[in-house]
Each structure stands twice: as C-alpha cells, then as structure tokens.
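*Asks:* What follows is each chain in one-letter form.
There are 2 protein chains.
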Amino acid sequence: MSTSALRNLISLKLKPLSISYPQARIFRNPLASPARKMSTFVQAPHKLLVIPGPIEVTDEVLYANAHPSMSHMSPDFAPVFGDCIRMIRQGRASGSSDAQPFLIAGSGTLGWDQVSANLVEPGENALVLHSGYFADSFADCLQIYGANVDQVKAEIGGAVKEADIERALKAKKYKVVTVTHVDTSTAVLSNVKAVAEVVKRVSPDTLVVVDAVCSVASEEIQMDAWGIDAVLTASQKGLGTPPGLSIVVASQKAIQVFENRSTPVTTYYGSWKKWLPIMKAYENNSAAYFATPPVNLIYAFHASLTQIMQGSVSLEQRFKLHQDASRRIKKAAEKIGFKGVPISEDVQANGMTALYFPDGFVANDIIPRLLKKDVVVAGGLHASIKDKYFRIGHMGVSVVDPSRGDIDKVISAMQETLAEARASKQ
Amino acid sequence: MSTSALRNLISLKLKPLSISYPQARIFRNPLASPARKMSTFVQAPHKLLVIPGPIEVTDEVLYANAHPSMSHMSPDFAPVFGDCIRMIRQGRASGSSDAQPFLIAGSGTLGWDQVSANLVEPGENALVLHSGYFADSFADCLQIYGANVDQVKAEIGGAVKEADIERALKAKKYKVVTVTHVDTSTAVLSNVKAVAEVVKRVSPDTLVVVDAVCSVASEEIQMDAWGIDAVLTASQKGLGTPPGLSIVVASQKAIQVFENRSTPVTTYYGSWKKWLPIMKAYENNSAAYFATPPVNLIYAFHASLTQIMQGSVSLEQRFKLHQDASRRIKKAAEKIGFKGVPISEDVQANGMTALYFPDGFVANDIIPRLLKKDVVVAGGLHASIKDKYFRIGHMGVSVVDPSRGDIDKVISAMQETLAEARASKQ
Numbered sequence: 001m002s003t004s005a006l007r008n009l010i011s012l013k014l015k016p017l018s019i020s021y022p023q024a025r026i027f028r029n030p031l032a033s034p035a036r037k038m039s040t041f042v043q044a045p046h047k048l049l050v051i052p053g054p055i056e057v058t059d060e061v062l063y064a065n066a067h068p069s070m071s072h073m074s075p076d077f078a079p080v081f082g083d084c085i086r087m088i089r090q091g092r093a094s095g096s097s098d099a100q101p102f103l104i105a106g107s108g109t110l111g112w113d114q115v116s117a118n119l120v121e122p123g124e125n126a127l128v129l130h131s132g133y134f135a136d137s138f139a140d141c142l143q144i145y146g147a148n149v150d151q152v153k154a155e156i157g158g159a160v161k162e163a164d165i166e167r168a169l170k171a172k173k174y175k176v177v178t179v180t181h182v183d184t185s186t187a188v189l190s191n192v193k194a195v196a197e198v199v200k201r202v203s204p205d206t207l208v209v210v211d212a213v214c215s216v217a218s219e220e221i222q223m224d225a226w227g228i229d230a231v232l233t234a235s236q237k238g239l240g241t242p243p244g245l246s247i248v249v250a251s252q253k254a255i256q257v258f259e260n261r262s263t264p265v266t267t268y269y270g271s272w273k274k275w276l277p278i279m280k281a282y283e284n285n286s287a288a289y290f291a292t293p294p295v296n297l298i299y300a301f302h303a304s305l306t307q308i309m310q311g312s313v314s315l316e317q318r319f320k321l322h323q324d325a326s327r328r329i330k331k332a333a334e335k336i337g338f339k340g341v342p343i344s345e346d347v348q349a350n351g352m353t354a355l356y357f358p359d360g361f362v363a364n365d366i367i368p369r370l371l372k373k374d375v376v377v378a379g380g381l382h383a384s385i386k387d388k389y390f391r392i393g394h395m396g397v398s399v400v401d402p403s404r405g406d407i408d409k410v411i412s413a414m415q416e417t418l419a420e421a422r423a424s425k426q
Numbered sequence: 001m002s003t004s005a006l007r008n009l010i011s012l013k014l015k016p017l018s019i020s021y022p023q024a025r026i027f028r029n030p031l032a033s034p035a036r037k038m039s040t041f042v043q044a045p046h047k048l049l050v051i052p053g054p055i056e057v058t059d060e061v062l063y064a065n066a067h068p069s070m071s072h073m074s075p076d077f078a079p080v081f082g083d084c085i086r087m088i089r090q091g092r093a094s095g096s097s098d099a100q101p102f103l104i105a106g107s108g109t110l111g112w113d114q115v116s117a118n119l120v121e122p123g124e125n126a127l128v129l130h131s132g133y134f135a136d137s138f139a140d141c142l143q144i145y146g147a148n149v150d151q152v153k154a155e156i157g158g159a160v161k162e163a164d165i166e167r168a169l170k171a172k173k174y175k176v177v178t179v180t181h182v183d184t185s186t187a188v189l190s191n192v193k194a195v196a197e198v199v200k201r202v203s204p205d206t207l208v209v210v211d212a213v214c215s216v217a218s219e220e221i222q223m224d225a226w227g228i229d230a231v232l233t234a235s236q237k238g239l240g241t242p243p244g245l246s247i248v249v250a251s252q253k254a255i256q257v258f259e260n261r262s263t264p265v266t267t268y269y270g271s272w273k274k275w276l277p278i279m280k281a282y283e284n285n286s287a288a289y290f291a292t293p294p295v296n297l298i299y300a301f302h303a304s305l306t307q308i309m310q311g312s313v314s315l316e317q318r319f320k321l322h323q324d325a326s327r328r329i330k331k332a333a334e335k336i337g338f339k340g341v342p343i344s345e346d347v348q349a350n351g352m353t354a355l356y357f358p359d360g361f362v363a364n365d366i367i368p369r370l371l372k373k374d375v376v377v378a379g380g381l382h383a384s385i386k387d388k389y390f391r392i393g394h395m396g397v398s399v400v401d402p403s404r405g406d407i408d409k410v411i412s413a414m415q416e417t418l419a420e421a422r423a424s425k426q
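Note that the protein sequences, when read in sequence, are chains A and B.
Here our numbering is used: the first residue of the first sequence is 1, the next is one more, and so on.
Here our numbering is used: the first residue of the second sequence is 1, the next is one more, and so on.
Keep in mind the hints are simulated off the structure, nothing from the lab.
Glycine residues also receive a C-beta, built at the ideal position from the N, C-alpha and C atoms.
Among the hints, a few may not be true.
Taking CB as the label site, the calculated pair distances span [stated by the list, open to error]: (1) B:Q415 - A:T40: 29 to 37 Å; (2) B:D150 - A:Q256: 44 to 52 Å; (3) A:T40 - B:E155: 35 to 43 Å; (4) B:D76 - A:E345: 43 to 51 Å; (5) A:D59 - B:K193: 27 to 35 Å; (6) B:A194 - A:D205: 55 to 63 Å; (7) A:S286 - B:D98: 39 to 47 Å; (8) A:T40 - B:E420: 55 to 63 Å; (9) B:T263 - A:S286: 58 to 66 Å; (10) B:D76 - A:R422: 36 to 44 Å; (11) B:L371 - A:G123: 27 to 35 Å; (12) A:E316 - B:E420: 49 to 57 Å; (13) B:D98 - A:V313: 21 to 29 Å.
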C-alpha cells in the first residue's frame, strides 16, 4: 500500500479534534509515518478475551507495541510521550484542563503507592470506601506507607452510601478519601460525583482519590467539574493497551498538597518529586531522564489514545456504547438464570458484569465450556463469594466496533453453555 | 509458510538445552505455535539504535510483544511466565541453582526500591560503591527508605579499589554493599567477583547487591560461585527486550534476611511479601494475582531469553562476542582520536563504550553527524563530565548477529563523522 493510500485509510477513520491543546493542536500519529507498514500486520487468531482487563486491543495498537527500538531520549519519541500526557489529561481519564498526569512503567497497583507515598504523610488519616476486594488492597497500601486507615464497608454488591460517608467525615479529619469507581471484584459502580459532593460539603480540605483502574474510558469522569483530586488507572482496561503502564492524574490541588509536605516522600520509584520534572519535560516535547520509560508501550498507548480521541466514535458515543453492551449482556444473562452481583441497577458497572452461577452450578460447569467456545472470562475474586460467580469484561474495541461481533458471541456462548450445563445435569 | 516449515526454520536456529530444570526441561516457544504467523512480520526500517539501552531487538521479540491480548491468569500464559523465571535463574543473569527471581512491571530503577525496602531496614547501614551516576541514585533510594548510607567513591573513570572497600567494611557494620557492575554513565566495569571476595572475607554477614542493569548478558555473573546476594537488572539492555520489566534475582540468603526482618517491608508495589507467592505460583506453571503483569512484555522477554539460552550462540560465545565487538570499537575510536572514559583496560565494560570528544570538539560536532548516518548514540550523563563525552551501546543482537553489520556501521560512521567534523573546522 502506498503512503498516500495508507494516509487516506487512516484519515477515513479519524475525525478532527474538537478540543484544544495548550502546546500542540495536532497529535502525531506514528502509524501514519511512511516507515510503518501497518497494512502488513494482523494479529494472530486467538480466543476472545472478555475478562475485566486485559481486554482485546486493535491491530494498530499491537503493531505500535512492535515499534522498532527507540531511544527514550530521542526527539522523535519525546512528542509521542508528550501527546500521551496531553491526551490523557484532556480525555475522559480526567476531563481536566490543568491536572498533572504521571505515566510510569508499572501495574495499576503502582497508582496506590503513588497516592499513599506522595499525598499522605505518615500518621495522617485516610478513609477508604469499600465496595469490594480492591478497597482492602488500597487500605493495605496506605497503611504500609504509614497512614491510619478507616474503612466504610458496603454490603457485597453494594456501594457505600453517602450518609455513611458523611457520618465518617464528621467524626474524624481525613487527608484523603478513596473510592473505587468500578470494583473489578464485584462490578459495582460507585457514584464518584456524589462522593465528591459529600466530601466537598463536609470536609473540603480532604482530597478525593478515585481508583479508576476499571472505569476510565467506560465510565464518565470529570475531575474539574466534580472536584476529583487524583484518578489512578492502568493501560490494559478501557484504555485498550497491553498491561504495563501505571497512569495517575493529579489535580493542581493535589500537586500543591504534595509540594507542601512537611515530611519527605516515602517512595523512590513512585516519587512525584522525581517524576514531575520528567512529565513536564516530555509535555514540552523534550526528553528527560529519571528511569527508562516503557517506550514501546508508550507507542501502543499513543495508538490507542489516538483511536479513542480521534476515532469516528465520540467519547459520548463511547460511553453510550458501553452502556448498551452492558445492558444487553446483563439482560441476556438474567433471562437464562444468572443473577448479577451488584444489588441494584444504579450500582452496575458499564464495562464489566459479575454474575452468580444459577443454583446447582459451579465455575467448572460454566467457565471451561465458555473456553471451549473460545470465550475467555474471569473467575470470582471477592473472597466471600469467590466460587459463586464469574466476571465478564466488555470494554474498548469489543464494544465500540460492532463489526467484530464480540458481544453477540459472548451472549450466544453464555446461552449455549448454560443449556449444555443444564443438559449434563439431567 | 506451513507450520512444519516454520518449525523447521525455528529448529535450525535453536540448539538443545544443556542445562537442567527442576520443573520443566523444555521451554515452550510461543513463536512455534501454529497460530503465530511469524513469517509475515518484519520490523519497520529505522535508525540503528546503539545507545546503552534500549538496544536493537529481533523481529521475533517484537512480534512476541505484539501477541494478542491474553489473560494473566490463563493456563496458556502461566508456563510462559514460569519459563522466564526458570530461564533468568539458570541463565547468566544469575548463574544460580536456587536464587529467587522477581519479574515485575517497571523500570530497572524499581530494583533499587526492591533492595532498599525488602533487604534493608530503616536505620541500618548501607555501603554504596560509586563508579558513576547510578551509585548516587541507588544511595538516594536507600536513604529514602531509611538506610544510613556511606559511599566509597572512585575517581571518574575508575572502579572502587578493594583496599578501600576493606577499610570501609572494617570501620562499620553494613547490612548491604552495593556495586554497579557496569555504570551506564561511565562505561566502567567493576570487578564484582573481587568485591564479593572482600565482603565475604571481612564482613561475611553483609549482603552483596549488584546493580547489573547494564551488564546482564554482556558480562559474566556467577551468583552462587562468587557469593552474590541480589542481582538487579532490566529488560532493555543485554536481555534484548523492550523496556518495562524490572528483574531482580535474590539469593536464598537474601530471601532469609528478608523473611527475618524485624520491621515491616516499606514498599507496597515492590514488596517481596506480595510477590514471592506470585513468583512461586508462576514457576509452578499456575497463575496467581497481586498486580497484573505486563503480559505482552513477558511474551517478548520469553522470546528473547529463548534466543539467548537456546540460540546457536552459546552463553560463553556471547560474552566473547561482546568482548570482541567492544575491543574493535574502542580500538577504532582511539585510533582516530577519541579517548575512553575508563582510566584503564581492566575497568572497561564490554557492552558499552564511553568516549571523550577529541580536544576542540563538542557533542554537537559529533552526535548529529552520527544521527545523519542513521546511527543513534547517547550523550554524556555523568554530571562532572556531561558535555565532554558520549556513549555507545554494543549489546545483544547488534553484537551476536554479525550479518547485520551493526558494529561495522558504527565504526565507519564514527570515522566519517570525525573526518567531517575536522574538515568543517578547517
């Protein structure tokens, strides 16, 4: 394929940006470089991956992950990193005009360390809102870095009620409140906007930290409008990139709190003191060194963000498509006898589904049969109900590109699987 | 290409393993799977990357990095991760029979956090042997986690003398001694074997920690025979994989020291308490979860380790090839007027070269001209001499596969560049 034909192909899939950027108006697309022979790359045939992350990713993203080795200090690479910083700020990871992104090699978990070691000082209080497994882990992390942690726990399948948050905030002064936007162990969606409202009203100095690992790009987040101080996520879920990149976006208020610490930061690798000048340099399209960034993954992340931000599907449509796919899967599942883990519709995530097995069935009746139909789902994770349910992810390209037929495949595989499992018991 | 033809092609490039494995004798090669159409993938044309990491990587490694999304909990993925753990232990990252590898998403820098937060308790003493920039950073990291750090500094271009190490060890009891095997800022090679001998003789309880980020697979390391307690490295240098994987190998003695801590580990993401059961599970070819591993990068790492461990070039030949390439480059450079940063031949690294510009020349005379010849080198990094020198990496496939002509290209580009620079001054 000629360069111009390739450019035409790409331009058909992209629409002009409607948002403006402080430093650069146009994102460089490394896939559009004449040296990149995208047309030759198609990912290998494989089972459909519909766990709540990692998710299916596009050929373009995988091809970018196979970018030839590049120097992390190269003037060709720096603006690609810079674009990622700009896109993640402007996109729905943050919906902010001035928040500070940190893109660091690591798992999503590293975001907890960043919050615990940069925003909280040893001996300060943290309030963790518990809607599943990941709150316990975040609390554990905060404690390791010296915070005094209280948890407000919802019932399994529920989100913490605002009245309970208000009561806790009135009883004690907290440096941070953390909320898991979508808990990957329960598929429970917390109302982050409402949580932030309560905090701003009752304890306006308290920072609102959102664990958005399983929600960015499938659920709306508005840092500025809602008053969120830190959003932490990872590359391998709604952001449609292989795992290995920790992404944290901090409000300017959070950055000020970090800068006004009275004690030193308690991590080295996750220290914003080290990373802040690096992120600022790359955002200015020039390289700086603290630790070698995951260069190939940054190219892959750039390819995915470009598809998300400039693709023919707008961000609003993207959220709508996630809601639609979620409803279809949940409805189809309930119709044949599965019951959702979330206790009510208003706490159901749109990017994943957690389903109790019908009475008399266990994981081994369902998950291996789905696997035989080339559909890979995830088992239970929440300790109290681990063996009683399973989880389906429906994020990113599986949802946004209906021509793939992924959602149809998941639904029919579920239907056939349960019919077979029922038949085998008779 | 048919599956059998592909298998034949791969078998031509591999020779049988001569080492034995506790759990599995044969490494699975994901590239040999019928579903992988390796024959169609050739990496895009690009400038020759000869910085001291990231380095050039093979098409097989990049194709593995473009592996379709896989669950980190998949029974297909777990043995691939398990193979990486086994290969890194048996290979020249450790040369150990029972040491414990940790493969964690992150930069090489994360290895410093792992050592500082798992092996050293707050208030304990650490001795850092300084042969360049990276010792200062390791010292900084140790201090952040509460260690009392002393440094023994070599002159620029030198390694710390054994007599100085002995004197320091006799003056104070240290929990750890750290040595940078090859300091990427100076290209100085430290004699790790000799350092370990001094420590074992003078202060046998002290742990010997080797920062081997820029030495694994280009310099020999024998953990067991030399008495090394921790080797920390990263994926993007001698190990020939894109950046984004922190690799630490800890001796059983180090693991015991970690397990007998009297205070809690001071990191969450880098905590061996969290990762040890995960590494043990994957080594048993079953998945376990603490934080999502960088799945694609693990496939890429597997592809590279397979080429290193099972390729037609033995590990001994690999070291010899690095020595030969290093000598050729250094000799050619000195012949035309460059002077090496290392002060003597016995402290010259084999995987990289640091060269002072000839009198009257600066970085701008040399580096952009090399770039115009499609040769990407690195600028200076050591603060005291930053503008006076540059650095060339010669590791991995650029050295091991002479048919690429990379080393010839580097040498002739250097020669032409300096001739042009000289001509331009006349």
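*Asks:* Per the hint of 58 to 66 Å, is the separation of the Cβ atoms of B:T263 and A:S286 within bounds?
*Replies:* violated (41 Å)
*Asks:* Given the range 35 to 43 Å, decide if the beta-carbon distance of A:T40 to B:E155 lies inside it.
*Replies:* violated (52 Å)
*Asks:* Starting from the hint 44 to 52 Å, judge whether the C-beta atoms of B:D150 and A:Q256 obey it.
*Replies:* For A:Q256 against B:D150, whose Cβ atoms are near 36 Å apart, the range 44 to 52 Å is violated.
*Asks:* Does 49 to 57 Å hold as the CB distance between A:E316 and B:E420, or does it fail?
*Replies:* Check passed, 56 Å falls within 49 to 57 Å.
*Asks:* Take the C-beta atom of B:Q415 and the C-beta atom of A:T40, compute their distance, and say whether it sits inside 29 to 37 Å.
*Replies:* holds (36 Å)
*Asks:* Range hint 39 to 47 Å: satisfied by the CB atoms of A:S286 and B:D98?
*Replies:* holds (46 Å)
*Asks:* Does the Cβ pair A:D59, B:K193 satisfy 27 to 35 Å?
*Replies:* violated (48 Å)
*Asks:* I want to verify a distance hint. Is the separation of the beta carbons of B:D76 and A:R422 within 36 to 44 Å?
*Replies:* violated (28 Å)
*Asks:* Could you tell me whether the CB distance from A:T40 to B:E420 stays inside 55 to 63 Å?
*Replies:* violated (37 Å)
*Asks:* Is 55 to 63 Å right for how far apart the beta carbons of B:A194 and A:D205 are?
*Replies:* Taking Cβ atoms as reference, B:A194 and A:D205 lie about 56 Å apart, which means the hint holds.
*Asks:* Within 43 to 51 Å: is that where the Cβ-Cβ distance between B:D76 and A:E345 falls?
*Replies:* Since B:D76 and A:E345 have Cβ atoms about 36 Å apart, the given range 43 to 51 Å is violated.
*Asks:* That 27 to 35 Å hint for B:L371 and A:G123 (C-beta), does it hold up?
*Replies:* Check failed, 52 Å falls outside 27 to 35 Å.
Checked against the numbered hints given earlier, the structure breaks hints 2, 3, 4, 5, 8, 9, 10, 11, 13 and satisfies all the rest.
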